[in-house]
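**Student:** Each chain is listed here by its residues.
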Amino acid sequence: GAGVSQSPSNKVTEKGKDVELRCDPISGHTALYWYRQSLGQGLEFLIYFQGNSAPDKSGLPSDRFSAERTGGSVSTLTIQRTQQEDSAVYLCASSFGISGRGQETQYFGPGTRLLVL
Amino acid sequence: AQSVTQLGSHVSVSEGALVLLRCNYSSSVPPYLFWYVQYPNQGLQLLLKYTSAATLVKGINGFEAEFKKSETSFHLTKPSAHMSDAAEYFCAVTNTGNQFYFGTGTSLTVIP
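Chains A and B, in that order, give the protein sequences.
All residue numbers for the first sequence refer to this note's numbering, where the first residue is 6 and numbers rise by one.
All residue numbers for the second sequence refer to this note's numbering, where the first residue is 1327 and numbers rise by one.
Careful, some of the hints might be misleading.
[Said to hold, decoys possible] DEER-style ranges, computed between Cβ atoms:
id, chain 1, residue 1, chain 2, residue 2, range
1, B, 1438, A, 12, 11 to 21 Å
2, A, 33, B, 1378, 19 to 29 Å
3, B, 1371, A, 32, 12 to 22 Å
4, B, 1387, A, 25, 32 to 42 Å
5, A, 71, B, 1331, 24 to 34 Å
6, A, 44, B, 1346, 23 to 33 Å
[Claimed, not checked] Chain B regions said to be covered by chain A (calculated; three or more residues, Cβ under 8 Å):
id, region
7, 1371-1379
8, 1429-1435
Since the hints were made in silico from the structure, they are not lab data.
If you're wondering where the values come from, they're calculated on a predicted model, not measured in any experiment.
No residue lacks a Cβ here, since even glycine has one placed at the ideal position from N, Cα and C.
With these hints in hand, go ahead and build the complete structure from the sequences.
**Tutor:** So this is what it looks like as structure tokens:
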């Protein structure tokens, strides 16, 4: 079946512009995660959605970052007034989310490579 | 608080040699531990995971990892490296399923 998809695959923007990154999780997966992978760094947790529960936003680095998940499926990560330090690969992952205790495998999308000039 | 430390950002081994990638974690409660692999120009995929069952976990492509609570380690090994093993490897920990903490990754080079 189809895996996690993300769009666009690459995005170049100018400092100060807003960007929207999209994630389509695997059908039936109730848990969805956003991560940021900066050059030479590990994956940095940003936000976690589980079903209809309030998202865990504790990883968002500033109030310029926000995310939505509509209808329990597609998610959009929005970065307002982009800065050069926002340049990174943004990864989305999904899992069944049944156990809620971290035992489940996360399936990652290919990422969106964001470059802020 | 949880964290993961991967010692050695770059590891080189000869083809056929033992692969050992190190991961140490900190967690105040029993953790779930994962190894993910990222091949060039591909997304991350799960190699193996520890979820409090057997301490020696076998994964795909001949990799295995052993959970050692006394050493707070979850090192990844493979007896004989193959050229196709060249990739970036990430160790991760969680105890809630909400937040996953990833290490900074180890880039494995296999020398023919």
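**Student:** With a C-beta cutoff of 8 Å, work out whether three or more residues of the region 1429-1435 of chain B approach chain A closely enough for the coverage to hold.
**Tutor:** It holds: at least three residues are needed, and the region 1429-1435 of chain B offers 3 whose Cβ sits within less than 8 Å of chain A.
**Student:** Is the distance from the Cβ of residue 33 of chain A to the Cβ of residue 1378 of chain B consistent with 19 to 29 Å?
**Tutor:** At roughly 25 Å between Cβ atoms, residue 1378 of chain B and residue 33 of chain A fall inside 19 to 29 Å, so the hint holds.
**Student:** The hint says 11 to 21 Å between residue 1438 of chain B and residue 12 of chain A; measuring C-beta to C-beta, is that right?
**Tutor:** violated (37 Å)
**Student:** For the region 1371-1379 of chain B, do three or more residues have a beta carbon lying closer than 8 Å to a beta carbon of chain A?
**Tutor:** With 4 residues in contact (Cβ-Cβ under 8 Å with chain A), the coverage given for the region 1371-1379 of chain B holds.
**Student:** Could you check the hint for me, namely that residue 44 of chain A and residue 1346 of chain B are 23 to 33 Å apart, CB to CB?
**Tutor:** holds (26 Å)
**Student:** Given the hint of 32 to 42 Å, is the C-beta distance from residue 1387 of chain B to residue 25 of chain A inside that range or not?
**Tutor:** holds (36 Å)
**Student:** That 24 to 34 Å hint for residue 71 of chain A and residue 1331 of chain B (C-beta), does it hold up?
**Tutor:** Because 31 Å falls inside the window, the suggested range holds.
**Student:** State, for the Cβ atoms of residue 1371 of chain B and residue 32 of chain A, whether the hinted interval 12 to 22 Å holds or is violated.
**Tutor:** holds (19 Å)
The structure is inconsistent with hint 1 alone, although it conforms to all the rest.
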